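J.: Sequence:
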Amino acid sequence: MTPTADRSLDVVLVNGRVIDPESGVDGLRHVGIRGSKIVSIQSASEPPPHATRLMDIAGSVIAPGFVDVHSHAQTVNGLRLQALDGVTTSLDLEAGVGPVAATHVEVAAQGRPTNYGYASNWLAARVSEIEGIALEPNGNVKNGSASVLGAKLGRDAWRRPSTPDVVDRIIDRVAAGVAEGGIGVGVLLGYAPDSGRVEMLKLARRASALGVPLFVHGRYKEADDPLSGIEGVLELIALAAATDAHIHLCHINSTYSLQADLILDAIEGAQKSGIRVTTEAYPYHASSTVIGAPFLSPEQMSSRGKRPTSIRYLKTGERVSDFQRLAQLRSEDPGGTVVVDYLDPDDPAQIALLHKMVSFPGTVVASDAMLLQLNGRRNGADIETRWPVPPGVFAHPRTAGTFSRTLGHISRELGLMSLNEAISRCSYLPAKMLEGFVPAMRTKGRIQVGCDADIVVFDPETIRDRADFETLKPSIGVEQVLVNGEFVVQNGTLLPEALPGRAIRSEVG
1 MTPTADRSLD VVLVNGRVID PESGVDGLRH VGIRGSKIVS IQSASEPPPH ATRLMDIAGS
61 VIAPGFVDVH SHAQTVNGLR LQALDGVTTS LDLEAGVGPV AATHVEVAAQ GRPTNYGYAS
121 NWLAARVSEI EGIALEPNGN VKNGSASVLG AKLGRDAWRR PSTPDVVDRI IDRVAAGVAE
181 GGIGVGVLLG YAPDSGRVEM LKLARRASAL GVPLFVHGRY KEADDPLSGI EGVLELIALA
241 AATDAHIHLC HINSTYSLQA DLILDAIEGA QKSGIRVTTE AYPYHASSTV IGAPFLSPEQ
301 MSSRGKRPTS IRYLKTGERV SDFQRLAQLR SEDPGGTVVV DYLDPDDPAQ IALLHKMVSF
361 PGTVVASDAM LLQLNGRRNG ADIETRWPVP PGVFAHPRTA GTFSRTLGHI SRELGLMSLN
421 EAISRCSYLP AKMLEGFVPA MRTKGRIQVG CDADIVVFDP ETIRDRADFE TLKPSIGVEQ
481 VLVNGEFVVQ NGTLLPEALP GRAIRSEVG
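In terms of full-length UniProt numbering, the sequence shown has 37 at position 37, counting the first letter as 1, and numbering is strictly consecutive.
Hints listed in this document are in silico derivations from the structure and should not be mistaken for laboratory results. All of these numbers come straight from a predicted model, not from anything done at the bench. Check before you lean on any hint, since a few could be wrong.
Result set (EDC-like, lysine to aspartate or glutamate): computed pairs, CA atoms no more than 16 Å apart in a straight line [unchecked claim]:
1) 306 / 235
2) 202 / 172
3) 306 / 341
4) 202 / 235
5) 37 / 486
Pair ranges (Cβ atoms, derived) [as the list claims (entries may be wrong)]:
6) 27 / 376: 46 to 56 Å
7) 327 / 507: 43 to 53 Å
8) 269 / 205: 38 to 48 Å
9) 27 / 134: 48 to 58 Å
10) 110 / 348: 37 to 47 Å
11) 50 / 133: 53 to 63 Å
Cβ coordinates follow ideal geometry from the N, Cα and C atoms, glycine included.
When you get a sec, could you build the whole thing from the sequences and use the hints?
T.: Have a look at this one:
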């Protein structure tokens, strides 16, 4: 293929191994970029076309920029770390924001290094409606759940079933957020597990009528009945079957791994029956949430046989010593961030469950990236915008390493999937999942003429994550990242002045 016009190109990536999941192309090519688009792709056996800049990347892979459908790290610096992991589009669809339109205005004024977008936040609407508090734009981004939920975790009213008129108002608010460009509905059901089934049925019906998915953190995650993870999954499958809604199950690894065989069989059976259920996972044995989450109560932890020492409280760095200390922290700082070992990293059988979840067919890679923090503080220019971030800034390592870990550890080292499949799960599959109601996604997740120049160039032999549970180091092996044709990462170095990200919105009739 040749350039679409005679004038020279802005950039040509020369001699790279193009892997395009949709077309199946896997070969040496020159990729030409003009403005924000890919305008030429030709065989590397031919001379490269003229361009303002020729960049020889022999030995490296040219892949579609990664599309993360589950990231709470929506500050400038959070997305910079994600860009260093190959992400070019970062979306918060499990929680989302409210109000959607006002958040977009605020974020656009600040700028972002990657493309960005948000679901309409059901839980924030619920807390606001029941507790009578106003929602402010979440653009800086305190996050529609981290701020609202953290302030109200000690209260009970918003967790319980509501009257029909209140439920209708909640759902109307959520639908208004979708009309403002919200990418489906974020449903943090696991944080309000006592909310009513009727409300979920009505919400799924409205989502189906709008033609958008529910992105759901399941109601239950226990390994044993009652209130087991399988009960939570079957509820969502039933909702999808009854309403024809598309329901996306968030982080199946951290919510359901201990019942992996049962749950994956149920999901596979539903999918074979034509029920619209999709899944995501990230390749780590530990999760991250707020310490006031219902599933971290001393009662629930004890009933599941979980030790409080599996919880690390990030504000102090301590491992929670006992249930008394857990109760104290939940009372004093219910919105405090924690990292939780949901699997034993030293137990091969448990890690095999994680690998089964991550490699389940059709499961997209999604990070569940968290807001950066320093000594328990999430806000401030030193954390949110100033680069480099100061020493001591931390978040779960999935924030900085999910995609490189998938390519390096899961694919290259363990061989759980081919490189091509890993790239597809990181880019094309999430774009394809959204494109029916998000037109911008029809030209993402692909290396094709006419598609957006959202591109990651990486060394397939060296790419790997470096973030761990002590330090938030960026990944290595990610050499170039372009967002809308502009370099955000160049020769492995972040360009802090680059803020080319654009808003991604749904369009529903």
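J.: All the hints need checking, so say for each whether the structure fits it.
T.: The hints, checked one at a time:
Between residue 306 and residue 235 the CA atoms are separated by roughly 25 Å; this puts the pair beyond 16 Å, and the hint is violated. A distance of roughly 11 Å separates the Cα atoms of residue 202 and residue 172; the hinted pair therefore holds under the 16 Å criterion. As the CA atoms of residue 306 and residue 341 are separated by approximately 10 Å, the hinted pair is consistent with the 16 Å bound. Distance hint between residue 202 and residue 235 is fulfilled; the C-alpha atoms sit about 14 Å from each other, no more than 16 Å.
Our distance criterion of 16 Å between C-alpha atoms is met by residue 37 and residue 486, whose separation comes to about 10 Å. A hinted range of 46 to 56 Å for the beta carbons of residue 27 and residue 376 is consistent with their spacing of about 50 Å. The hint said 43 to 53 Å for the Cβ distance between residue 327 and residue 507, and at roughly 47 Å that hint holds. At roughly 23 Å, the beta-carbon separation of residue 269 and residue 205 lies outside the given 38 to 48 Å, and the hint is violated.
The supplied range of 48 to 58 Å is met by residue 27 and residue 134, whose beta-carbon atoms lie about 55 Å from each other. One distance hint, 37 to 47 Å for the beta-carbon pair residue 110 and residue 348, holds here, with the actual separation near 45 Å. A C-beta distance of roughly 59 Å is found between residue 50 and residue 133, which places it inside the suggested range of 53 to 63 Å.
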